Amino acid sequence: MTAHTMRSPSRPLLLVAPAAVLIGVFLILPYLNIVVMSLREPATTTPYGSGFSTAGYAKFFADFYYAGALLQTLWIGLLSTLVCFVLGFPLALQIVRASSRWRGLLYGIVLSPLLVGIVVRSYGWTILLGNNGVINRALLDFGVVQTPVPLMYNTFGIVVALSHVFLPFMVLPIMGALQAIDPALEDAARSLGASPRRVFRRVVLPLALPGIQSGAILVFVLAVSAYVTPVLIGGMRIKTMAVIVVETLIDQFQWPLGSALALILSATATLVVVLFMRLTRIRWK
Amino acid sequence: MTTVSIQSLVKRYGQSTAVNGISLDIEHGEFISLLGPSGCGKTTTLKCLAGFEAVDGGRILFDGRDVAQLPPEQRDIGMVFQNYALFPHMTVAGNLAFGLEMRGKPKAEIAERVRAVLDLVQLAGLGARYPRELSGGQQQRVALARALVIEPKILLLDEPLANLDATLRDEMRTFIRDLQKRVGISTLYVTHDQAEAMTMSDRVVVMFGGQIAQAAAPEVVYDRPASAAVARFVGQANVVKGVIANGAQGQRLIESPLGRLPMPQQLGLASGTLVSVIARPQAIALTAAAPGTPLAGTVAARYFHGAFIDYRVAVGDQMLNVQAAPPALHNPGDAVALGFDPARLWAVEAA
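Residue numbers (my numbering), protein chains in the order written: chain F, 1 to 285; chain W, 286 to 636.
Honestly, the hints are just simulated from the structure, not real lab data.
Everything numeric in this text was worked out from a predicted model, so none of it was measured.
We put the beta carbon where it would ideally sit given N, CA and C, even for glycine.
Please note that a few of the clues may not be correct.
Claimed, not checked - Derived list of chain W stretches under chain F, where covered just means 3 residues or more per stretch with a C-beta under 8 Å from a C-beta of chain F: (1) 326 to 338; (2) 351 to 358; (3) 532 to 542.
What the hints assert, rightly or not - Each pair of labels, with its calculated beta carbon distance range: (4) W:K390 / F:V144: 52 to 58 Å; (5) W:H590 / F:R11: 43 to 49 Å; (6) W:G299 / F:G108: 27 to 33 Å; (7) W:Q367 / F:V144: 57 to 63 Å.
The shape of chain W in the complex, shown without the other chains (with noise of 0.2 Å):
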């Protein structure tokens, strides 16, 4: 059982600082994502977790014991490289079987072992074959088999999926999630693509500029994102400034350039607030235009992508996402009218 905290976290590269004091804690066998931008230091805090950079600052504590100053032999970390790292050297095998020999295994216990990881990622039988004899995937369960045959104490992955084509890429997202649970090990997952962080993470943590903007269920950071650019980052998001104020029956509501908007259901925002409108394409909500609707737009393109169709809306000098089911109803050119459900829409203090 190992929980990992990590607090304050400094890495500076010269003049610019890398990661920029992030606190975490990961808990048993949770599946935390980093996600961000490149260059947002996501990758930076694995290699500070890994040891493979030193830290400027801050603790790393793995069960409360700080492994800062540790070099990463004597981590017990368990890391899965971006193009997996197998040592084309060795056999499968051989590969399972490195940590193991490292940690001065008996033979017997170490064969055991290879064979039962073998098992577990589904490549029985392979373990004589050599990585450049492996598909791209199988070389990726191979990585995983030998991080995880060691049973460290957190496991790392550095961009797993990036090399992978985009079937396969879904195959092991649920493949490495479903094992990861089965195995019950935490888990520090780095990716700049939010769809893998969503599906995966029991959190994601979204980083910018080397800080932590937000940290939370995935849910929660689709739906209530901390900042506009949080939600610019992870899925599509139209974002509109607008101001808090009263309406005529005293409900509060939001002026914002496109016209009067519900007010969204949270809370501590006062009056004459200055906020940016989030607004997911999925909370719009296109009806035909009808003479006096207070919200309209025109239909400026339209794409289908099968599953749902994608609106284009001008408004004004503004072009907002709209998703809606098929069928297509609106064609391009065609005056709308947009709900906003207040449900789905969220407000952030403009920055």
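Only chain F is shown next, with the shape it has when bound in the complex (with noise of 0.2 Å):
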């Protein structure tokens, strides 16, 4: 080997050590320091005390309040998931399969809920879905209803509002899996006898797994760590984990508790997302 060629093993470590100071200084850190401040004593006139208790994980498992807003975030995270895969997944099809030229317009078509603030896009949504929002001042002005239909304040609202901006999560990883799709297998299968619709389900879905897998699990995290929209769209009526930690963190100012809240949801949510790639193993990469 000539010098010209050798290199130096710690080059690779040496390009990677700004990014690696960035993630431990201001994300491994703050972490810790959750941790450390979930497992601090609780008090009445400062954030938290000097001792170090387990008394805010005790409250969650003794107040059914927590555990409920809880399994009520995941639920929304799993329905947005949902919502997100129905609509995306076709949408991400289309798009791959459109014409050069339309296929930009499509794109900045599925982009377009990430260029509006996210408070102004939750404040459009209120607009709409309020009692007395667009779409009940319809139907109660064309006779379909009589009464407002509780479209905000409730599951749904979110749901909606969170599968809008979370969809091009889902529609982009989708689209980089279909597009890695060789054309020539879905000739491969229709030689080989199999209908379209076999193709697709033989072929294509199983293919497109990878991006499928990438973009449920990209939606349900934002979904179930979603603060601004859950807020808005859900007012006091339904609080979702994220609301009630801000909650307690800033009006009751009870950080450890907070800590422990936010811990708490963190790790259901990674268990969630980690039963999930068990459940979707793909043995053949």
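Fit chain to chain and form the complex, with the hints in mind.
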């Protein structure tokens, strides 16, 4: 080996160093801080006491209010993921198969929810979904209903608004997976006697699975941790874990309990993701 | 027993005509190569046969039944793709079973036929592997097995050896041809490699510009090409313009810029006809030039190939390729006499 082709083994480490420092300082350290904080003693006049205790975790298990909110949050995450998949998969398929002239436009439309600020977008949904909103006014005026249909301050409204903004996170990975499918595979399946429908079920869908997996995980974790949309659409009526965590930290000033709740949400979401990956394990990669 | 008949097939893409009215019959068990440069319409013809392209005219008959309007899944074809197109999410056995599952065969029969075809392509025991765990040559054989296991009416191969290295390509050539003979299936093989087409085929179909230039046995295409273009595409050829004339003793000969060439042993060309004389590099013999030699030239270059020696011989402003058996008798710069073997000369009417 010549000196020219030799490489110092420390070179790659050096290259990742800035990113590692960034993640360490701004992600891992704060996370550790939250873990420590969740084990602090609760106090009344200060955010936390001087000693250590597991009172925060104990409170979660003692009060069904929190467990109920957690289940509610997971349910919203699950529904949003399903809605995004049902809407996003056909969309991704259409975009991938569209002519290049249309593809750019469709791509832009899919990304458009991300171009609007989260508060503005959520507020837009309240204009549409409110009891006095556009949809209910129309339904009332046309005499379809006599009293307003509850579209907001419930799971439905939150899922609608979350699915709207997180749709791109489902569509983009699925598009990536679909684009990677060699068109000759579909021809091969047809030549072997598969109808277009069976080609889809036996070839396209399984090969899109890695994309579906990534999309589902992205949408799920984003939905269970979402704050602004649930707080604006759910109001006081329906509270997700993220909303309760912020309330506990900011309004009630109970940092140990808030930290414990935040960690429980993270742990549960991680558990769901791991289970999901186990269930949809891809053996052929 | 399937015979395939392509009749006046036409395929257009917008303004351009990819396949311009070709007709071809494939007998049962026959191995036919479609040979031509890229863009000659050979792959399009194959895709029309497979049903991946809708035809714009003509008929495609399988055993007398027109299948031109049927979707691919109803044509009962076996196809091998250039990049193999194995399903990456299925094991080898899964790939092989796919076509049989689509035909609703019972599980036991599928397992038995998959095992048998794995034996046939010498891949026994590899059924549980995924395609990415196989070498290029093994993937190629799986692709072949997947096409054959459904016992299709016709086997279509689209440049299947293009992605293999030279050694493996030679090996697979023999393998495919032997397998095809053993199975006895009618086969259409698309390639731009003339050596592949010549060594494997019962008949070679040379295509240019969406039309068939010549369809004949490999030796006929080589020795009696239908045109100078065919001669140039299939193997090396020296092409010299000339005119058919009568010699002093009444024998016929060809006047050419090189001098007087003997008349090839072929009929049907009248005196005065303008022709392209086609001389394969093996049809010309070189001897040391003697004074008064009628056809003389100068060796411009010499290349040693091992099995033969390749000379470039300048005659006037023409450069001829000549192949001779070793040892090398002539050096660059030597004056040589050229002897044309009338039995191996060929002439076509000049276009």
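message: Does the beta carbon distance between H590 of chain W and R11 of chain F stay inside 43 to 49 Å, or does it fall outside?
response: 48 Å, holds
- request: Would you check chain F against the region 326 to 338 of chain W, counting CB to CB pairs closer than 8 Å, and say if three or more residues qualify?
  value: holds (count 3)
message: Just to be sure I understand the hint, the distance between the Cβ atoms of Q367 of chain W and V144 of chain F should be within 57 to 63 Å; is that true here?
response: Because 59 Å falls inside the window, the suggested range holds.
query: So does G299 of chain W sit 27 to 33 Å from G108 of chain F, Cβ to Cβ?
result: 29 Å, holds
query: For the region 351 to 358 of chain W, do three or more residues have a beta carbon lying closer than 8 Å to a beta carbon of chain F?
result: Since 3 is at least three, the answer is holds.
message: Given a hint of 52 to 58 Å, does the C-beta separation of K390 of chain W and V144 of chain F actually sit inside it?
response: 54 Å, holds
- prompt: In terms of beta carbon proximity below 8 Å, does the region 532 to 542 of chain W have 3 or more residues touching chain F?
  reply: violated (count 0)
Of the hints listed earlier, the one the structure fails to meet is number 3.
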